[in-house]
Amino acid sequence: MADHSTSTIAIRDCRIRLMRGGAGPPLLFLHGGGGMGIWLPCMARLAKKFHVIAPEHPGFGASDTPPWLDTVGDLANFYLDFLDQLDLSGVHLIGSSLGGWIAAEAAVRNATRLASLTLVGAAGIHLNDVAQVDTFLSNEEQRIRDLFHDQELAEAVIAGSQRPELEDAALKNRMMTAKLSWQPRNHDPHLRKWLHRIKVPTLLIWGDRDRIFPKDYAFAFQGLIPGAKAVIIADCGHLPHVEKGDAFAAELEAFIGAMRIAA
Amino acid sequence: MKFFNFHLMPYRHADLDAIAKNGSAWVTFSNRHYDPQKGAELYHDYLDQMEFADKLGFDGVCLNEHHQTAYGMMPIPGVLAGALARSVKRAKLAILGRALPLLNNPLMVAEEYAILDNLTRGRLIAGFVRGIGAEYHAMGINPAYSQERFAEAHDLIVRAWTEPGPFSYVGKHYQFKYVNPWPRPYQNPHPPIWIPSQGSGSTIRWAARMRYTYCQTLSPIAAVARFFQLYRDEADKAGYKASPDQLAWSNTIYVAETDETAVREARPHLEALMNYFLKMPTEMLLPPGYTDPASMKRVRAAKVTGKPQSIEDVIKAGVVIVGSPNTVREKLAEYQDLAGFNTSLTKTQFGTLPDDMTRANMTAIAEEVLPHFRDRSPQGARREAAE
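These protein sequence lines are chains A and B, in that order. According to this note's numbering, the first sequence is numbered sequentially starting from 1. According to this note's numbering, the second sequence is numbered sequentially starting from 1.
By construction, these hints were calculated from the structure, which means they are not laboratory data. A quick note: this is a predicted structure, and the numbers were derived from the prediction, not measured. C-beta: ideal position from N, C-alpha, C; glycine also. Errors might be hidden in some of the hints.
Quick list of the computed label-pair ranges, beta carbon to beta carbon [claimed, not checked]:
{"hint": "1", "chain 1": "A", "residue 1": "Q162", "chain 2": "B", "residue 2": "G82", "range": "47 to 55 Å"}
{"hint": "2", "chain 1": "A", "residue 1": "G160", "chain 2": "B", "residue 2": "N104", "range": "52 to 60 Å"}
{"hint": "3", "chain 1": "A", "residue 1": "S5", "chain 2": "B", "residue 2": "S295", "range": "34 to 42 Å"}
{"hint": "4", "chain 1": "A", "residue 1": "A10", "chain 2": "B", "residue 2": "P183", "range": "50 to 58 Å"}
{"hint": "5", "chain 1": "B", "residue 1": "G82", "chain 2": "A", "residue 2": "T71", "range": "33 to 41 Å"}
Selected chain B positions facing chain A (in silico; Cβ < 10 Å) [what the hints assert, rightly or not]:
{"hint": "6", "residue": "P143"}
{"hint": "7", "residue": "P220"}
{"hint": "8", "residue": "M284"}
{"hint": "9", "residue": "P287"}
{"hint": "10", "residue": "Y290"}
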């Protein structure tokens, strides 16, 4: 499909890969610990209304691993630089899992270029007494199974993940994910103190069968970000944009559409 | 050759079926399986064995460090070293921990080792390790920072021992306004530093450059020979000739009257070590970032099927030496010449081996093996043999 292109861009000293497609208000999609992945059907759908930008984070896949990269906060500041350099404004910022944590950190620090924030199965805060899978102790197959509710989809993803040419990127992604999220596991204890500073309209999209960050996290974020709206997608795991792409895109379109009417 | 009695201090009463069911004796194996009555008994048995080793003429005793596991009950080896510092009268006392990256305050190891060096009047050997991957799961330390933290903690400790304090230290992971530990080490400039590793190339090369004694953990002798050759090559590059005294092989030896008896007696206990106490998933052993991607890929490519290892397998591969006194002497001499080491870190207790058998083994080694190697150094053309 020629609805998107992949290119490389340097932000200060760091070259990253990014996919982009469509035209309209900018929609910046930050991926999770699994890496940038492919141009998803939901991205193709959203590209009909938005300028979809899906970068590969520093330290992941084909992007550089800069010496300054240690924390999620570093990536949050990197994406604020990214928005400045591309001079984007009115940005709809979306982050899945680890990407959601980066997005929330960035929005706390500086939301002047943002129109809205959408967190999808996001990391960043911690809840006691919520059973969560330890993805660092699972083998590759189990890890993929735990991402999805639909195990037929999981099988297909497992089959597609065995290609040797993907091994380097997978190892790199995993190493960087560990660096960013091993300890404290998947959160920054200081983030929750400042989530109230997020004043842009915020949407929380969660799968009701998310085993990585169960939907309790959606409600916790909702309690911490003023006015945030939570949408729970049925029969869906940790990656609604992959597993229920149409429902995901529809929720996002409705949310942004309602924002425009309100404005 | 020097002989050290190397103890892992396993919780040898562990329910092996429960370990198998859990998939590992590490991290997730519930401490409900630990019985303090039995555990206390084991600590005393094991410490008595170490004192016995001293009396038998072993050159040293070795402790190690692992966390949250039935494999070894020595998460804080300094406590046990403290217990031995006054009762082991002659032998060296080696701690083949401490896992530096796990520490949030490396100065505490500078202090602990300095106390032990004073207590033993200079018989301490100071081990520094990164710890195996499971440690990072157990102790909540980011494996991606393992190498950075090791390097920084090592530099800080050696400076704390050698530079007059107080001075300030500001690193990426550790910062101190005042570095000024009391006591200072008894040995001048500091206790010998030994570096145990599973065979990481970067660790071997670094140890060679630093002239630290390198200790190879549980490996087939052919691999040991390659690792030791890498050390010698790196020493050559650094402009000096490595001595066999800088190389230590960590092995297991069991001696009985005949080969057959030795194998029969050692089998269940050694197989318990190999197939239960040591077992863990790859994800536990090698968390992301613990080692560089190239090494990670090598390990994944070499992935063994995980089938149980028999005592015959590990004898054949030269991981252990089990047999009559004559067989053990022959094998050890062969391996010493092949790999070129001058220190044997010998587990005389292993897996579920009970106290009486351990003591009999220690006595047999002391009487039938040690005297024959007292003045023996590696012989022959090693370089070719290792290739």
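Each hint tested on the structure:
One distance hint, 47 to 55 Å for the beta-carbon pair Q162/A and G82/B, holds here, with the actual separation near 51 Å. For the pair G160/A and N104/B, the beta carbons lie near 41 Å from each other, so the given range of 52 to 60 Å is not met. Look at S5/A against S295/B: about 36 Å separates their beta carbons, and that is inside 34 to 42 Å. Take A10/A and P183/B: their Cβ atoms lie about 53 Å apart, and the range 50 to 58 Å holds.
Between G82/B and T71/A the beta carbon distance is about 38 Å. The supplied range of 33 to 41 Å therefore holds. Satisfaction of the interface hint for P143/B is found here, the shortest Cβ-Cβ separation to chain A being roughly 6 Å, below the 10 Å cut-off. Taking 10 Å as the C-beta cut-off, the interface hint given for P220/B is violated, the closest approach to chain A being about 26 Å. For M284/B, the shortest C-beta to C-beta distance to chain A is roughly 6 Å, which falls under 10 Å, so the interface hint holds.
Checking P287/B against chain A by beta carbon gives a least distance of about 6 Å; that is within 10 Å, so the hint holds. With 10 Å as the threshold, the beta carbon of Y290/B comes within range of chain A, its nearest partner Cβ sitting at about 9 Å, so the hint holds.
When the structure is compared with the earlier hints, violations turn up for hints 2 and 7 and for no others.
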